[in-house]
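*Asks:* These are the residues of each chain, in order.
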Amino acid sequence: MSRPDNPHTTTEQLADLLEGVLTPADEEAAQDHLRGCDACRTDYDLLAGLPALLASVPAPELPPAVASRLDDAIAAEDARRDTGPRVDTSAAPSRSPRREPRREPRRSDRTRRWLVGVAAAAAAVVSVGLVGDVWLSGFDQGGASESSEAGGASEGSAKAASDDARSPRGLAALPSVGSETFAADVDSLYDPARGGFPGTSGLPDKDKSVTLARGPDAYPGQVRRAARGCTAATLRASGVDGRFGPLVAVDGRLLARLAATGPARAATVTAYSCRDQEPIAAAQVGNAR
Amino acid sequence: MRGEQPDDRTLVQRHVAGDAEAFGWLVARHRDRLWAVALRTLHDPDEAADALQDALVSAFRRAESYRGDAAVTTWLHRIVVNACLDRARRQSVRRTEPLADEPDQAHEHTRRAQIPATTSDAVETLAEQSARRDAVLAALRALPPEQRTALVLVDMEGYSVQEAADLMDCPTGTVKSRCSRGRANLLPLLGAWAPGGHRVGVTEPLSTPGRPTDKEVT
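Protein chains in written order, with the working numbering: chain A, 1 to 289; chain B, 1 to 218.
The following block holds chain A by itself, in its conformation from the complex:
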């Protein structure tokens, strides 16, 4: 136990003694030494006090920012699960869609959008399916509180919706592209400062009412809470084979994930009111250039 050049026990031996992991022989030797050595006895007592010292540190509280971040991440996972029972997929034959490459949002919102957008673009190169998130602005949630900004978007959307109703073909024709091209092009156009894809703003009168976004970063905070209030719409897609994920509403906008199978084609997604089956908003998915 003791060593010629140092008659004392080592701190490690004392700690092992305390933890009860010494062999019986070593334990006896250490106890013997402790009986005659005040210095080691003192250290032993201090070691014995460490667990209480550590336990005395109050538990940290979960910061609200982290709590909501976790909520968001789980909401994004929920939305990612392809279970959209209220979504009409008649125009989009249901096949097993590829799941989007998984990335979690983190860092500040601004940074996060940009980083994830880039990550999604990179990952999409190896993905066969087209996965796009479609924002349909200004959808009436029936009593959900909306910011004044969302209210403004509502008006634009109403106009766009009536335009769509009259002239669903009025949207700019989009070229068909392969899924890989599609994903890369869209993401390279993504403008985090504007929260959308500049390539879509060239559509006449649509930039206020329709925003395309993609990737997990397209789920801002509050999805989980807002999603409970809104399910009253039917989505149909034309020009693409695939199906929609669950429909969620955020700040007066609807968000649904469109997962396409096979070669991706530019698509038009239209939301119809569940009350009267009138089209209420539309968005285009595809390369708008």
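Relax, there's no trap hidden among the hints.
Quick list of in silico lysine to any residue cross-link-like pairs, SDA-like style, CA-CA up to 20 Å:
id : chain 1 : residue 1 : chain 2 : residue 2
1  : B       : Lys176    : B       : Asn82
2  : B       : Lys176    : A       : Pro24
3  : B       : Lys176    : B       : Val161
4  : B       : Lys176    : A       : Ala25
These are calculated hints, taken from the structure and not from any lab test.
Using the hints provided, position chain B relative to the given structure of chain A.
*Replies:* Quick look at chain B alone, frame taken from chain A:
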């Protein structure tokens, strides 16, 4: 009146069956404690939040593989602890100053001998509590990740050695050994703060490795 809340296992089953709310309930129930483990293991709030999020997302996706042989809370903690350990190991590779895993130096009769005694231990001020907390956290930072995690679980969070072994996926003997080594490494750093130790005033707690301004975020 609210109905009785479903238990953890029921929530996992509902989640696997497609219930969009179930996992959120589960997380809400356990996240405070999971956060404490993550933050104390990693110290950096951003890293801890990243680790916790990664772990929870992983649990969300892996829920089908939960076999029910351990408590749900153990299962969740295990995923979080492993995510934190992975990150902590990378942290300690980036830094290079943590204490040796197997220190074999004979102990000096600690630093407390060089430190003048305070006038009284009877009353601990708020500032002193805060200084003590900072000293503990900074000292933990200096430990190798495995020792730190073991002490966080056993000494700070109050898990039994058996529970900690389950969470860290290692034998109980390994947990004991890590706790023992960890405490031995902490003694020179924290001995003066332990009951019976002597310390200087709060304006100058023990010098500790790592960044002294780092604090647990509350």
